[in-house]
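Chemist: Taken in order, these protein sequences are the chains called A and B.
Taking the working numbering, the leading residue of the first sequence gets 1, the next gets one more, and so forth.
Taking the working numbering, the leading residue of the second sequence gets 1, the next gets one more, and so forth.
Bear in mind the hints are in silico, worked out from the structure with no lab data behind them.
Errors might be hidden in some of the hints.
Cβ-Cβ distance ranges computed for the label pairs, FRET-style [claimed, not checked]:
(1) B:Glu42 x A:Val379: 36 to 46 Å
(2) A:Tyr376 x B:Asn234: 21 to 31 Å
(3) B:Pro93 x A:Asp284: 18 to 28 Å
(4) A:Asp40 x B:Ala201: 39 to 49 Å
(5) B:Gln83 x A:Ser221: 28 to 38 Å
A virtual CB, placed ideally from N, CA and C, is assigned to each residue, including glycine.
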Amino acid sequence: MMPAARHPTPPTSPLTASTLSAGIVPSEPPTIADDRPVQDSILTPSRWWRVMTVLSLVAWLLGLVCLQVGTQYIGVGRIIGLFSSLLFDRPVDERMVDTTGVILFQVRLPRVVLGFLVGSCLASVGVALQALLRNPLADPYVLGVSSGAALGVAVAVLFGIGTTVLALSILPVCGFVGGLVALAVIYRMAATHERLPIHSVLLAGVILNAIFSALIMFITSIMEPNRSFGMMAWLMGSLTAPAYPVLAALSGYLVIGLVLLFKHVRVLNILALGEEPAHSLGIDTERVKRFIFLVSALMTGAVVSFSGMIGFIGMIVPHAVRLVLGADHRLLLPASALVGGMFLMVADTAARTLFVPSEVPVGVITALAGGPFFVYLLVWRKDRLA
Amino acid sequence: MTRIDPTAQIPGGGLESGLVAHQAYTVGGVHFRYGPSRLQGEPWVLRDVTLEVVQGEILGIVGPNGSGKTSLLKLLAKLAAPQEGEIALFGRPLRSLSHEQVAQTVAVVPQDSPQLFPFRVAETVLMGRFPHRRRSGWSLGFGWEDREDCQAASQAMATMDIAHLAGRAVTDLSGGERQRTMIARALAQAPRVLLLDEPTAFLDLPHQLGICATLRRLCDERGLTVVIVSHDLNLASQYCDRVAMLRAGRMCTIGAPAKVMSVEVLQEVYGCEVLIDAHPQSGLPRITLPRQGMPFRG
Chain A
1 MMPAARHPTP PTSPLTASTL SAGIVPSEPP TIADDRPVQD SILTPSRWWR VMTVLSLVAW
61 LLGLVCLQVG TQYIGVGRII GLFSSLLFDR PVDERMVDTT GVILFQVRLP RVVLGFLVGS
121 CLASVGVALQ ALLRNPLADP YVLGVSSGAA LGVAVAVLFG IGTTVLALSI LPVCGFVGGL
181 VALAVIYRMA ATHERLPIHS VLLAGVILNA IFSALIMFIT SIMEPNRSFG MMAWLMGSLT
241 APAYPVLAAL SGYLVIGLVL LFKHVRVLNI LALGEEPAHS LGIDTERVKR FIFLVSALMT
301 GAVVSFSGMI GFIGMIVPHA VRLVLGADHR LLLPASALVG GMFLMVADTA ARTLFVPSEV
361 PVGVITALAG GPFFVYLLVW RKDRLA
Chain B
1 MTRIDPTAQI PGGGLESGLV AHQAYTVGGV HFRYGPSRLQ GEPWVLRDVT LEVVQGEILG
61 IVGPNGSGKT SLLKLLAKLA APQEGEIALF GRPLRSLSHE QVAQTVAVVP QDSPQLFPFR
121 VAETVLMGRF PHRRRSGWSL GFGWEDREDC QAASQAMATM DIAHLAGRAV TDLSGGERQR
181 TMIARALAQA PRVLLLDEPT AFLDLPHQLG ICATLRRLCD ERGLTVVIVS HDLNLASQYC
241 DRVAMLRAGR MCTIGAPAKV MSVEVLQEVY GCEVLIDAHP QSGLPRITLP RQGMPFRG
């Protein structure tokens, strides 16, 4: 092997000498450079804690407001009194427990908590899917993951699996399987294309939604009328006050899902940069993709089995949070979870109070808010989606 | 876990010392095609490619569209694996290295990377530090960047002349600024080998010059090895130590620009007429396209 030929004189330019400073050292420790601009423009742990503290406080306050509002107004003092009597087992007025206490603990509190958990799950899944597919329009509802999960649950209900004692544990699993089918189709598409174009993912979602909806319609139409009515109400997305074990199960799914997503939060950042750059930075992109898809299907399946198809939260919330707090998933994911929870909590409070005495399915409210937003993104922010 | 020793360098650095040249890459008899191996009908993208990349040199890979330049770069980066043949990185077979080990040694700048999410420039450059992250217990994947990461990033940004853009969103950058951000990200990776795919395609003249001169200096001073895929024959001629010419997946010729860039070779490879004269400064070949279909007016 001959040594490589050298240039007689390395070409120089007066321009380059002045505009470019000393290069980095590939193999030696870097010399001291002024890193203040970098420090100032990245997410630091202290900023993370600040933002998360503020958001958590706001979430608690909003939760309190949602507990107050309803067909019967319950004052803050009353709520605090009821909670403290519950916690510290102080002797309480019998009448208070019977009326407002029942409303608060049996109806309003579980419903508000369910709204928060469902919103958190959907927003987190939205964040993960958007980063993974590099598609700001990705959302479990738009991509057909929710309807896949709904189909899984519907099939289970049709064959009576849902009515057994094991209902609590089986239905989310059926939803998981259904959602996984939808994501498998999208994953196959993503695997055969170098970079999956945004619009073909949406198209796939439209088609999956159409197929799954048709099958769900088929199932509801062959059910007994009284069961099919309940099915329709569930499909539209409603947060009927659940029992506390159900809430415990759902928060279990949320916590497990969030922990698993958090494990990959820095990887999600890099995947958002592009699949090939991520691969060249040493990330096993296929493994990560499969894993995140599994977690997304699990969380979506659980949520859908509890509350039906509530759309667009997974798209609106991450988008809004990203605009305000930046794109770093280390903050985007937990902040979206909190904001998503708040959003659905408030939307559900609106759904149950605005049109008293009738109650609107909360899915209607989120779709009415999310649909126009989706159109806005698709039409007016096209430049960002190119 | 074995790591490639990053300090294993020739004393005195680079090739100037005249000591034994280290091979950054040895590529032997590589055949490659896309798609799963059961699809035997797929045409070969690369056929029997053999070359060596010397440590501290700039190697240019040129050739017509579809000649397999980018595919060769992907093989070198272990983004794809050859069906036949062997590639060694600093004497160690690429097959036996994990993606992470490769990422600690080799940085890649892809052709164009349109961005969808408003990461800031500083955040994007810091992503290059990912292969050097420290695993400190159960940190839930947060992996906050430390001081060393920030300094490597700011130095890389200063090198690429984008320090003033630190707080800007990558979605708001011009094509050239984005390209320089991506190169800075690769430099923040502190690689020993830098693989670039069309690095100057979106750059204006001063930044083309700037990047070429920077790469040249990094090679000469620090022994960085650079492989550039480019359509720009003049850039290859002026700034590369050696040029490899690919044609239809085969290695046509490889050598110093003065030897390789001849009218005959270029005519054979590209199938069109070119004019070659000497660059007024360097005396190296300068390639120009002839006027065709128009009468010459003196």
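Chemist: Look at each hint and say if it fits the structure.
Modeler: Going down the list of hints, with the structure as the test:
1. B:Glu42 x A:Val379: 36 to 46 Å: With Cβ atoms ~40 Å apart, the hint holds.
2. A:Tyr376 x B:Asn234: 21 to 31 Å: Once the Cβ atoms are compared, 47 Å apart, the range 21 to 31 Å for Asn234 of chain B and Tyr376 of chain A is violated.
3. B:Pro93 x A:Asp284: 18 to 28 Å: At 19 Å between Cβs, range holds.
4. A:Asp40 x B:Ala201: 39 to 49 Å: 31 Å, violated
5. B:Gln83 x A:Ser221: 28 to 38 Å: 53 Å, violated
Checked against the numbered hints above, the structure violates hints 2, 4, 5; every other hint is satisfied.
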